Amino acid sequence: MQKSVILLLLLILFATLLLAQNTLSINGLNEAQFVYRTAPDSLNAYFKDSFAFSLAYRNFNFGMKFIADLPKYSTTQSELVDELSPNNLELGWKELYASYSKDAFSIHAGTTEESFGNGLTFRSYKDIEFDEDHRIDGFVFKYDDAYAVKALYGAIESPDNNGKYDLAYGADFLSPLSYGLRLGASALSYRTLGANVYNQRDVFAGRMQLAWSNLQAYAEYANSETYRQVGLPTSFGSAIYANADYNLGVLQLGAAYKKYDDFQYRLHDLAAANYHTETLSDALATGLDEEGWQARGTLSISQCLSYYLDYAEAWDSPKSKQMNDLYTSLDWVKDSTTLGIAYSQVEKVDDANRYWQKESTPALSFGLPFFGVPVTVKAELKISEKQIYAVTSKHYEPKIQKDLSFGKLALSLGVQSNWSDFDAIMNSRYWAFMEAKYPLASHSDLVIFGGKEAGGKVCRNGVCRYVSAFEGVKVELSTRF
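Counting with my numbering, you get residues 35 to 515 for the letters of the sequence shown.
No lab work stands behind these hints: they were computed from the structure. The structure displayed is predicted, hence computed values, not measured ones. Virtual Cβ for every residue (Gly too), placed ideally from N, Cα, C. Each hint should be verified, as a subset may be incorrect.
[Claimed, not checked] In silico lysine to aspartate or glutamate, EDC-like type, Cα no more than 16 Å apart, as pairs:
#1 K420 - D384
#2 K106 - D137
#3 K412 - D384
#4 K420 - E431
#5 K136 - D178
[As the list claims (entries may be wrong)] Pair ranges (Cβ atoms, derived):
#6 L287 - L373: 22 to 32 Å
#7 L398 - L474: 46 to 56 Å
#8 L373 - F405: 44 to 54 Å
#9 W390 - K442: 40 to 50 Å
#10 K442 - A229: 49 to 59 Å
#11 P267 - T426: 36 to 46 Å
#12 R262 - D316: 30 to 40 Å
#13 S212 - A329: 26 to 36 Å
#14 F270 - V231: 18 to 28 Å
#15 Y291 - C338: 30 to 40 Å
#16 F139 - S212: 40 to 50 Å
Kindly generate the complete structure, drawing on both the sequences and the hints.
Right, dumping it as structure tokens:
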């Protein structure tokens, strides 16, 4: 009811502006998807749509987004809809905002995407890849000139209590100093609903930003105190993150360091400090207990040839959990011809649970014009090894994908498999797919997918995202105005 009243008032306001306008601009985006799944399901065919538009008049901005998930499917295979229930259907205006800005001052009310610094202490955002929404609804006041000041107060629906809200309020300040140095400070209070009582986490942080001709550096330290927890004592946490990049012409070097101790909550985004953004352990949330470093570098061997190396390690305080992350590649690019060789490896050890896993992936890619048609081919072989107590297992996941375009039409074809040894190649599972993308007009794109995919992160036609395991047909239409 309250949201309906606010919506009505905002519509009346902007209808009044519309009658008196001469500089009103309207922008919008509609994304519709129809899916037919051949896998056993309670609803083989389903539909989703999101319609968003924004109005701008002088210093005012107003935006809304209507979202329909009929039903809503998760990117996690175990959460797919086996039996349709009312909770699976979502329909209504999910995003609403209004803002006013003049010179260096602005005020924003409604659905908010904002961060303090690089997000170590606070970040309100929507994770498109994993389909997770961490945005608050509230008010943000900003002043951005020689000094930058932010203040906010908002709420976000509790993940454990449907229809109940957690609260967040805080401020951020950034001041310039001489020689490219800037100093900042943040304060945040985050109140989460427990057993009918709100506990509270207070976070304070300071940061440094440095920008010289060849050097870019960032460092931040934060500490937190969580109290008013029913039946639990006050707890303390801390976080350190630092990152630096140095340019030596043909050689670019970078390094990062992290240390997190009981510093995990919903409204922030901790840097992973590794190439694949891996967590220390699949069974441990980021920020609870981990320390690590990362080193990276790019060498321009010639005008066409370059080499990249990225290596990181992480561990917990007793060093019973350890992780290393490696990515290296050699790339050759000349005109419209490309060739790339890459190798990646992620290894995790958990001595307490006698668990070890390693995933290594050599990959080869090349692109060239074939009879005037741009063609890109990528082949990779993921080798997954695990040991749980005394039981070991190993399997292979080969994948090959070809992207090509005929004028405006872009095609992506691929096949993926999973087999335990080379003798079982012909008897193993295979997933094959084809995706076509075509611009119906300068403002509309049509995407059709058909086939079967194992799920996970996929990159096709210039777009990367996480998808659930799927078999069937998808039709997507995106229209901008």
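These are the hints, each one checked on the structure:
no.	hint	in the structure
1	K420 - D384	holds (11 Å)
2	K106 - D137	violated (42 Å)
3	K412 - D384	violated (33 Å)
4	K420 - E431	holds (14 Å)
5	K136 - D178	holds (11 Å)
6	L287 - L373: 22 to 32 Å	holds (25 Å)
7	L398 - L474: 46 to 56 Å	violated (35 Å)
8	L373 - F405: 44 to 54 Å	violated (19 Å)
9	W390 - K442: 40 to 50 Å	holds (49 Å)
10	K442 - A229: 49 to 59 Å	holds (58 Å)
11	P267 - T426: 36 to 46 Å	holds (42 Å)
12	R262 - D316: 30 to 40 Å	holds (32 Å)
13	S212 - A329: 26 to 36 Å	holds (30 Å)
14	F270 - V231: 18 to 28 Å	holds (20 Å)
15	Y291 - C338: 30 to 40 Å	holds (34 Å)
16	F139 - S212: 40 to 50 Å	violated (26 Å)
In terms of the numbered hints stated before, the structure departs from hints 2, 3, 7, 8, 16, listed from lowest to highest.
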